[in-house]
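Asker: These are the residues of each chain, in order.
Protein chains: 2
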Amino acid sequence: MSKVRVHNVTISLDGFAAGANQRLDAPFGDGVGWGDELHSWFVAATEDVAAGKTGIDADHLARGDRNIGATIMGRNMFGPQRGPWADESWKGWWGDNPPYHHDVFVHTHHPRPTLEMAGGTTFHFTDEPLETVLGRAVDAADGQDVRIGGGAAVIQQYLRAGLIDELHLVIAPMLIGRGERLLDNLGDGIDGYRVSEMVTSPAVTHVALVRR
Amino acid sequence: MSKVRVHNVTISLDGFAAGANQRLDAPFGDGVGWGDELHSWFVAATEDVAAGKTGIDADHLARGDRNIGATIMGRNMFGPQRGPWADESWKGWWGDNPPYHHDVFVHTHHPRPTLEMAGGTTFHFTDEPLETVLGRAVDAADGQDVRIGGGAAVIQQYLRAGLIDELHLVIAPMLIGRGERLLDNLGDGIDGYRVSEMVTSPAVTHVALVRR
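Same order as they appear, the protein sequences are chains R and P.
FYI, in the numbering used here the residues of the first sequence are 10 to 221.
FYI, in the numbering used here the residues of the second sequence are 10 to 221.
The set of hints was computed from the structure by calculation and includes no laboratory data.
The structure displayed is predicted, hence computed values, not measured ones.
Mixed in with the good hints there might be a few duds.
One copy or two, it doesn't matter: identical chains are merged, so the pair holds either way.
Claimed, not checked - The list that follows gives simulated cross-link-like pairs (lysine to any residue, SDA-like), each with its CA atoms no further than 25 Å apart:
| no. | residue 1 | residue 2 |
| --- | --- | --- |
| 1 | 12 | 217 |
| 2 | 12 | 182 |
| 3 | 12 | 183 |
| 4 | 12 | 23 |
Please construct the entire structure, taking both the sequences and the accompanying hints into account.
Answerer: The following block contains the structure:
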């Protein structure tokens, strides 16, 4: 049976996955440079994986792509626009050949036509309920697992609903002060989870949550 | 010159130092057993220190008592009562011989007479401003450092005011979901701090914040 997994979601020491006021010229929100600092471990680990190196960060990063057949994300992760689409020229942050290579379901109150990209990535835009979208993603994954890509609000919704099987998050050694907290507004959903791993590399701390 | 230090403050993975509704029969607030779970590393490390053992947790724990000449705490850390003192029979959580053995300054809107305990601990109750209380504590420390003992609200106030030199906190691998967040409401105070250490033992992750 397909698992629902979250991987490589980076938060600051004070718990923020993104700052306030995300927008096109500041995809992680207000503040200079901290979006880069927050994800610097990710960039370094990506280079390590590409070079065939192993290590705590590279191993955790690579795990996130293994056996994933479909991805679900929030509209804010797909793009910086809010409200109705002014036009449909925006095709995501990732260029013509996005690094998914499978079906990606984008939760949005403003659906638009399905978008087929090079390399096998197809973006589906939907305002259906979580369970319906997850069902479609499981079908699309065809026996592989489904990844919830983010952002924080979407992960919270799936966690609160108890729909996530494994959540890997990464604590970066920095303070942001304000923005969007990942582990917040979880209600009783969190009672079903326990920490199964906590390990620190020279750069960050990796934490895994799994069902009790 | 005296430093102002915070040590061994334990927070959950989701950032809480205490739950909601702290009271006499639930000093860490609502919820069964998690106060014990949050601090289980502390109990084990205390036993290790007493037995002369070393290790990541024991070493961090012991550091918190080194070269400390005075302690500052909030009234909620001194006791579970709120509002005016019904009587003054409460003498803290720690019995007749508290583990401080120096002057302890308790921030409270409801001052009461100074309380001399066995073993050299003297509790002073004050509604003076942070800077005044810190000045008194520095004098009392007589060349040694001053420790801010807690709870979360008092640590936040000193951090926001930029008055803390070193902050050692401990992340326990558990979720609490609601309560009092330590790294919250810090305003621009946090801009003066950086993470100087992050290390994980088999039990917890230790993090140190210092001035930039």
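Asker: Could you figure out if residue 12 and residue 217 sit no more than 25 Å apart (CA to CA) within one copy, between two copies, both or neither?
Answerer: Within. Shortest intra-copy distance 15 Å satisfies the 25 Å Cα cut-off; inter-copy 36 Å does not.
Asker: Could you place residue 12 and residue 182 in one of the four classes (within, between, both, neither) given a Cα distance threshold of 25 Å?
Answerer: Classified as between; 23 Å across copies, 30 Å inside a copy.
Asker: Could you figure out if residue 12 and residue 183 sit no more than 25 Å apart (CA to CA) within one copy, between two copies, both or neither?
Answerer: between (31 Å within a copy, 22 Å between copies)
Asker: When Cα atoms must be at most 25 Å apart, do residue 12 and residue 23 count as within-copy, between-copy, both, or neither?
Answerer: Answer is between; shortest inter-copy Cα gap is 24 Å, intra-copy 29 Å.
Of the numbered hints stated above, none is contradicted by the structure.
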